[in-house]
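Each chain, written out:
Protein chains: 2
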Amino acid sequence: MKVRNLVGERFKERPSDCVVDSHALMIRGGYIKPVANGIFSLYTPAKRITQKIEQIIREEMDRLDGQEVMFPVVLPGSLWEESGRFQSVDSTLVRFSDRNDTSMVLGMTHEEASVQLVREYANSYSKYPFMIYQIQTKFRDEARPRAGLIRVREFTMKDAYSFHTSQEDLEQYYARCLRAYERIYARAGVPEVIAVAADSGMMGGSVSHEFMMLTPIGEDSIVICPECGYRANMEAADSIVENENRLPVAELTKVHTPGVKTIEELTQLLQVPAVHMAKAVVYQRNRDDSFVVVFIRGDLETNDTKIKNYLGDAVHPAVIDADSPVVAGFIGPVGLSEKVTVLFDRSLEGIDYLVCGANEEDYHYTGLNLQRDVAHVEYVDVAKAVDGGICPHCGKHSLTISRGIEVGNIFQLGTKYTKAMNMTYTDQEGNSQYPIMGCYGIGVGRLAASVAEVSHDEYGPIWPISIAPWQVHICCLRADNAEVKGFADALYEELMAQGVEVLYDERDIRPGAMFSDADLLGVPVRVVVSPKNLDQQVVEITTRDKSVSLKAPKEEAAAEIQKVIAQLRAEVAAKVPQSI
Amino acid sequence: MKVRNLVGERFKERPSDCVVDSHALMIRGGYIKPVANGIFSLYTPAKRITQKIEQIIREEMDRLDGQEVMFPVVLPGSLWEESGRFQSVDSTLVRFSDRNDTSMVLGMTHEEASVQLVREYANSYSKYPFMIYQIQTKFRDEARPRAGLIRVREFTMKDAYSFHTSQEDLEQYYARCLRAYERIYARAGVPEVIAVAADSGMMGGSVSHEFMMLTPIGEDSIVICPECGYRANMEAADSIVENENRLPVAELTKVHTPGVKTIEELTQLLQVPAVHMAKAVVYQRNRDDSFVVVFIRGDLETNDTKIKNYLGDAVHPAVIDADSPVVAGFIGPVGLSEKVTVLFDRSLEGIDYLVCGANEEDYHYTGLNLQRDVAHVEYVDVAKAVDGGICPHCGKHSLTISRGIEVGNIFQLGTKYTKAMNMTYTDQEGNSQYPIMGCYGIGVGRLAASVAEVSHDEYGPIWPISIAPWQVHICCLRADNAEVKGFADALYEELMAQGVEVLYDERDIRPGAMFSDADLLGVPVRVVVSPKNLDQQVVEITTRDKSVSLKAPKEEAAAEIQKVIAQLRAEVAAKVPQSI
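Top to bottom, those sequences are chains U and Z. Numbering of the first sequence is given in this note's numbering, commencing with residue 7 and proceeding in unit increments. Numbering of the second sequence is given in this note's numbering, commencing with residue 7 and proceeding in unit increments.
No lab work stands behind these hints, which were simulated from the structure alone. Do not rely on the hints blindly, as some may be mistaken.
Because identical chains cannot be distinguished in the list, a pair is counted as satisfied if it fits within a single copy or across any two copies.
Computed cross-link-like contacts, BS3-like style, restricted to lysine-lysine with a CA-CA straight-line distance of at most 27 angstroms [stated by the list, open to error]:
#1 Lys491 / Lys133
#2 Lys345 / Lys538
#3 Lys133 / Lys18
#4 Lys260 / Lys390
#5 Lys8 / Lys133
#6 Lys345 / Lys8
#7 Lys581 / Lys569
#8 Lys144 / Lys390
#9 Lys425 / Lys581
#10 Lys144 / Lys557
#11 Lys267 / Lys538
#12 Lys491 / Lys557
#13 Lys314 / Lys267
#14 Lys569 / Lys557
#15 Lys144 / Lys260
#16 Lys8 / Lys144
Quick caveat: nothing in here was measured; it's all calculated off a predicted structure.
Build out the structure end to end from the sequences listed, making use of the hints.
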């Protein structure tokens, strides 16, 4: 491929609407073009990268005995009604009516479609286990697309669905699949992706893992224990707290605290530490806007996912006005309206002295003792884990919090979908059973963007050889020099004949402009053919990651380039774990 | 792949809702499963076939210097408003609103998206020509999906868009593309697909071709001249008629024809041949239901596409009631309401004596002479070509009419989209110009189904080696016999190690059931390993198309199988035309 023919603009200026580097570089390098909010077209370089990622995924799925199939993008609403998700999923699920007024949806995930495909086939235990997967377009009408291909509305996803006759069989397969995912990331050149325990969200099921690429621009917070290896998404991380009483038991006393509404102000005014404050965090249920108040230790934050899971209801931060059953800034458990659902975080358990709101404008209580002053207190874990906090696995004060991009997830679904959609098989004893499912997803474009995010410099992405759009980029400086041009042309043809994917720049432009374009295209091996080099009977071979920089005799150019390619490939391969 | 693990049901009974053979066989063979009307999931065999077709297409597009890109499935309605198609396309275009009430559509074709992708990039003549293509999911809300994958609502399509600075350049490229299409069909094992002149329909532009697989179940009528090679879709075929006067000029005379409304009845009653009848065919414009009457010679049929193109308006067959401006069964050009648009087909030109309706219940005219009795008669070609009719190219009475499935189409679009969407480039003289476009489509699934339609027997599809899901199908009869099983296992492993795609059946089932499944799966090379064969020190090698049937010494089994594969491949390759 000649750079002069490559469709797509490349330019220097960082687009003002790009917050993250990978987004800016993929726009600047002619990889992607926005078509609508969170919807992109891919130019050839991005298409080639995603195709290579898809092929790696395909090979690893096939190694897991996966069978590639294809589900529709447009699905009948009735199928989603079978699982109950037609109603339960929010407007992220696009619903529309076709010309016959039949309700249709755009597939955002394909559990229903996978059950529909196999429920007649898999009617006997002898057909199990099996796994089917597809690599297909998905649409999710995300409220806040961001960061280029990292959070989009339309994307290509590999989604796999496995079916089993026992939980043990699922767990065994799940472990193989987890390893296959580690292989996929390593083969794609990002072995540093880690698996973390996750919340299963709308997918249902109990056990699930997310694969996280750690980077400061990630949307997710990851809780990691460097001591024992515990890793979980903040959403799913247990919060273990040590509650200590620094203040003695006292009487419940109403105090005048005019205009003092925050923990910081209260701490200062009353000279009571935040660990003795019962902070109120107020939500409303999405369903009916009814109020939920969560009391939590003053120094901690609430974890919305845990609250949602505990309530079995989605919630949003409350909008408090004069008609609300709470007094903003002065909420406490004593005398709170009975209309309000109250949760107590475990961080308040056993604390003898607390400060809290008095449910009256400008008043707080001191000396609150939950055991004494409030009936029926049940404590639940609805707090966010904190940096330096206690590891729920090894018990040390060792937790660290990092940011990550979720680049894959796997779920043990159980029988949620097979039960709802009445898929059964006959077991060896002749009894009817519901199969047990697992599902396994990877967003292809997001993985490509995440690689660019963790592997770039200020000049452009540094693509790993295994997913690079081309392996070699030949820069022919002074294409007006017949000897130089002739040599570069011949090298281009020779490498192509050897099956190397080559990008060839023989435009009559300044070397600086040529190298800028090469940097933006991020091809791993760069070869410079110039009058000066040829005078010395050499070509210059460098790698985009700067690990190699050499001059090879010009007669051996192709062979030396092949060696560098092989070396880069070996470096990637060395980090790929064995499959199990 | 072992047949025992292959997900999908295979069965004997022809499903009652399958009208065409390929549809029935693809359901019976576990290739596809309906999810909604005109929407299918693909099982692994179909996915493998379509992937191979896609790869053939990809290679041919790359050979045309095409650059693979990816457009979104979901597009903003505003983009389709730029071209005017948001309004002009009927409900085949799915429109919906996203969560922010922005109007969106499901891409049914991507001319707008292709212009959007390149209009900033391709701002100078030096960037031209270029071609971009994608292989992607499309959705068209067809009113009448039918015949399995042949007419569906959701499908995978390769769509390519080329951009040029002159009509000559487009025409040259168009010719190369036409040849590439011939190569694609030949490589897919169906070299008998023919290119025919086509009507451009909603795509706009003037010159276009369709690629037709001739089969009686085709939806399209194709006009072919075996003498000179003229080939056109009926929609676009010129109708050449020789008008002769068998009856002399006569006076215009009103005759009483009670209850006689059809040409047949009139011919009988008046003893006037149909070639002297002016048949009235009545339409209404979709836009405003206004009436259009087409007069045509009694023995000919009207061509709706030509009428639509002439009027520049879509029409439908009229619904005539008491308030209509015409009298059903008695319509004629003399005294017809002025509210009605009247067209005269060329088949009436120069005929001195015609019978027509008198625009009065139960009355006709005889002796109508259009030149004499009607003012301002202009004749247009709105007739269907007929079997045995005159070839518009060589002039012989040689036309034949065949049925065909459209398996591809290519269009010279001109500047329709670039003008509407204001895409310009600066030419060598510094002037601003609109680029000239071509577009080129192939439906992947339809091609797969069409191959099955023209290449099957009553037992199943006969897949050409180039697109077959697997190349070899090993049937191990008596898997309970350790020697037989051992040999078959080893052969399976040996062929796989050689890179052959093998389907392996070692189930403990009757040979008849095993062969039925093999027939349905349609794999080109079948190898039977049985106690009887091994006793004779041989394996049986046959081809699904019955062209090969031999016994090979068991030690040479793999080598002999490879030979048969090579022979089948060579047969396909021999029919592939050179590219230009």
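Hints and how they fare:
no.: 1; hint: Lys491 / Lys133; in the structure: between (61 angstroms within a copy, 21 angstroms between copies)
no.: 2; hint: Lys345 / Lys538; in the structure: neither (83 angstroms within a copy, 83 angstroms between copies)
no.: 3; hint: Lys133 / Lys18; in the structure: between (57 angstroms within a copy, 20 angstroms between copies)
no.: 4; hint: Lys260 / Lys390; in the structure: neither (30 angstroms within a copy, 95 angstroms between copies)
no.: 5; hint: Lys8 / Lys133; in the structure: between (51 angstroms within a copy, 12 angstroms between copies)
no.: 6; hint: Lys345 / Lys8; in the structure: neither (70 angstroms within a copy, 62 angstroms between copies)
no.: 7; hint: Lys581 / Lys569; in the structure: within (19 angstroms within a copy, 40 angstroms between copies)
no.: 8; hint: Lys144 / Lys390; in the structure: neither (31 angstroms within a copy, 44 angstroms between copies)
no.: 9; hint: Lys425 / Lys581; in the structure: neither (41 angstroms within a copy, 53 angstroms between copies)
no.: 10; hint: Lys144 / Lys557; in the structure: neither (47 angstroms within a copy, 50 angstroms between copies)
no.: 11; hint: Lys267 / Lys538; in the structure: neither (73 angstroms within a copy, 91 angstroms between copies)
no.: 12; hint: Lys491 / Lys557; in the structure: within (18 angstroms within a copy, 57 angstroms between copies)
no.: 13; hint: Lys314 / Lys267; in the structure: within (26 angstroms within a copy, 73 angstroms between copies)
no.: 14; hint: Lys569 / Lys557; in the structure: within (13 angstroms within a copy, 46 angstroms between copies)
no.: 15; hint: Lys144 / Lys260; in the structure: neither (56 angstroms within a copy, 67 angstroms between copies)
no.: 16; hint: Lys8 / Lys144; in the structure: neither (33 angstroms within a copy, 30 angstroms between copies)
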